[in-house]
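Next come the chains, spelled out residue by residue.
2 protein chains.
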Amino acid sequence: MKYYAGIDLGGTFIKCGIIDEEGKLIAKDKIPTEKENGFQYIANKMSDLALSLANKMNVKLHGIGIGSPGTVNSQKGVIVYSNNLDWDNVPLAELIKQRINLPVKVTNDANAAAIGEQFCGAGKEYSDMILITLGTGVGSGIVIEGKLFEGYRSAGAEIGHSVIHVGGEKCTCGRRGCFEAYASATALIRQTRRAMERNHNSAMWRLCDRLENVNGRTAFDGLRDGDKTAKRVVNTYIRYLAEGIANLCNEFRPQAVLLGGGICAEGDTLLRPLKKLVNERLFGGTKYAPVQLLTASLGNDAGVYGAARLVMVSC
Amino acid sequence: MKYYAGIDLGGTFIKCGIIDEEGKLIAKDKIPTEKENGFQYIANKMSDLALSLANKMNVKLHGIGIGSPGTVNSQKGVIVYSNNLDWDNVPLAELIKQRINLPVKVTNDANAAAIGEQFCGAGKEYSDMILITLGTGVGSGIVIEGKLFEGYRSAGAEIGHSVIHVGGEKCTCGRRGCFEAYASATALIRQTRRAMERNHNSAMWRLCDRLENVNGRTAFDGLRDGDKTAKRVVNTYIRYLAEGIANLCNEFRPQAVLLGGGICAEGDTLLRPLKKLVNERLFGGTKYAPVQLLTASLGNDAGVYGAARLVMVSC
Numbered sequence: 001m002k003y004y005a006g007i008d009l010g011g012t013f014i015k016c017g018i019i020d021e022e023g024k025l026i027a028k029d030k031i032p033t034e035k036e037n038g039f040q041y042i043a044n045k046m047s048d049l050a051l052s053l054a055n056k057m058n059v060k061l062h063g064i065g066i067g068s069p070g071t072v073n074s075q076k077g078v079i080v081y082s083n084n085l086d087w088d089n090v091p092l093a094e095l096i097k098q099r100i101n102l103p104v105k106v107t108n109d110a111n112a113a114a115i116g117e118q119f120c121g122a123g124k125e126y127s128d129m130i131l132i133t134l135g136t137g138v139g140s141g142i143v144i145e146g147k148l149f150e151g152y153r154s155a156g157a158e159i160g161h162s163v164i165h166v167g168g169e170k171c172t173c174g175r176r177g178c179f180e181a182y183a184s185a186t187a188l189i190r191q192t193r194r195a196m197e198r199n200h201n202s203a204m205w206r207l208c209d210r211l212e213n214v215n216g217r218t219a220f221d222g223l224r225d226g227d228k229t230a231k232r233v234v235n236t237y238i239r240y241l242a243e244g245i246a247n248l249c250n251e252f253r254p255q256a257v258l259l260g261g262g263i264c265a266e267g268d269t270l271l272r273p274l275k276k277l278v279n280e281r282l283f284g285g286t287k288y289a290p291v292q293l294l295t296a297s298l299g300n301d302a303g304v305y306g307a308a309r310l311v312m313v314s315c
Numbered sequence: 001m002k003y004y005a006g007i008d009l010g011g012t013f014i015k016c017g018i019i020d021e022e023g024k025l026i027a028k029d030k031i032p033t034e035k036e037n038g039f040q041y042i043a044n045k046m047s048d049l050a051l052s053l054a055n056k057m058n059v060k061l062h063g064i065g066i067g068s069p070g071t072v073n074s075q076k077g078v079i080v081y082s083n084n085l086d087w088d089n090v091p092l093a094e095l096i097k098q099r100i101n102l103p104v105k106v107t108n109d110a111n112a113a114a115i116g117e118q119f120c121g122a123g124k125e126y127s128d129m130i131l132i133t134l135g136t137g138v139g140s141g142i143v144i145e146g147k148l149f150e151g152y153r154s155a156g157a158e159i160g161h162s163v164i165h166v167g168g169e170k171c172t173c174g175r176r177g178c179f180e181a182y183a184s185a186t187a188l189i190r191q192t193r194r195a196m197e198r199n200h201n202s203a204m205w206r207l208c209d210r211l212e213n214v215n216g217r218t219a220f221d222g223l224r225d226g227d228k229t230a231k232r233v234v235n236t237y238i239r240y241l242a243e244g245i246a247n248l249c250n251e252f253r254p255q256a257v258l259l260g261g262g263i264c265a266e267g268d269t270l271l272r273p274l275k276k277l278v279n280e281r282l283f284g285g286t287k288y289a290p291v292q293l294l295t296a297s298l299g300n301d302a303g304v305y306g307a308a309r310l311v312m313v314s315c
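Line order of the protein sequences matches chains E and U.
Each residue of the first sequence is one higher than the one before, counting from 1 in our numbering.
Each residue of the second sequence is one higher than the one before, counting from 1 in our numbering.
Chain E with its partners taken away, still in its complex shape (with noise of 0.2 Å):
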């Protein structure tokens, strides 16, 4: 058996799993990122974080597979830009293999989640399939014929910033409208936020009696506590996230659409109607080639596995 490190480099832990090539994780830790010691340190203790790991359960590594935020070429294993890490230009992968001569591949963290998902969760049975994570902002990850799909120089897959409306939100991109400034859970913590301000009579006021303390499930409380402007919160959010979704469909026609993100532990209070919002918009009907919509399902653990398993088929 053949074993892997796959490694979630973020601002604040750096989480590392080994994966049998089956997909069997095997042992995972994590550390502190300490950023400000800056990237060779990083690089050293990812390294040894990884060895470490392995001599523990006594297994020899055959790669080490990094997803990380920010912009990567992966080709490169180059952090070319992350603002998170405040990285530029890092070559993350040849630092590593400096300290341990194996096998290195780097992806974008949001990447790796996809591949994870795909190799041993919820994307398991589809070869074609897109992960999306609704969090600050709104990842992805592509996967095409089981292969990720990056783009020219590993610089596409940024579905949160394609426009669902023209002239409207403010995004943190500079674009105005995009799927982002609506999707993620920022976005509905903003709608939340809103209603409530125009609503004093909400029981989302009894949920949550300053808006500073509103976060991605207000709403949804609000809703199953029979608030109609909870309702209309959640029916809003749902209809722009469908929207979304059925347009990553009609251009990539996955599979399968998976979702990750907090807000998937709503379950089918948010699955039910975007499943049907979403069917309602694909090109040419769901008899043809359906999409299947389901909830990502390795959680936090997605990118170590995803990041394992971008080495294991690399070598």
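Note that these hints are calculated values from the structure, not bench results.
We treat Cβ as the ideally placed atom computed from N, Cα and C, and that holds for glycine.
Each computed DSS-like pair below joins lysine-lysine, with the alpha-carbon atoms no more than 30 Å apart: (1) U:Lys147 <-> E:Lys147; (2) U:Lys231 <-> E:Lys170; (3) U:Lys170 <-> E:Lys287.
What the simulated footprint calls covered on chain U by chain E, stretch by stretch (three residues with Cβ under 8 Å from a Cβ of chain E suffice, anywhere in the stretch; the number is not a length): (4) 141-151; (5) 163-170; (6) 242-248; (7) 283-292.
Fit chain U to the given chain E structure using the hints.
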């Protein structure tokens, strides 16, 4: 030298070209489709046209490629559905093979045109490109790493049916706010007519005395005449086009986007402002992964070249 037939099957004409493996078109011809005679008759006519052209040029055919309107299952060579031909599950590849025992490949006509441009046209230098055709609708073909991208069961690449304006213009597909409803030639004509109705002093009334006579050039001609209303129509149209193209760039990140269709005859009047707007909207800017914006160069022959290319690479 090996020779291939490329056939562009349309509702009115069947066009056929004989193309060598270096991409030289050595002969072409067209005949009426006579779609009222049914698919078996048309399949026979297509076969005979290809054979007679090859015989005339005294070359031996190595395969036949076909670009067809509608939804095409290119793996099976079946026209799943074509409104234009009134076909439903027609096994076109099989029908042709029964008459001529040669490799046959079938794809959607927009896909064939994209492959044609990439093989012999303006897309020659790009392994990753998208051809967008602005006509009655917005057609597209997507090439990734030199290969046609069609999505699950060839049902993807329907970029015209991606919403850029939630709740906006009604589209022929049933959704509201599709890219096609803002960026097709049909949409431009609608936008021009509305502006003329609102502005009876517009110079466009001199260019075109009746609304029925408005075409895709009317607003551009008005702009060149210094008419403010026409200028607004053109600016708004280009803005919509830019939003949709930028969306595709952020999702697919091709190296080049090629524009086809009659509107491209406007040249720099269209392209210069369009490039600026698209570049301003590229995620991560234009430096790391720039996208070239070009006009297609093969015109109506693109589909013939592409259909031939498709069978060429498959055998």
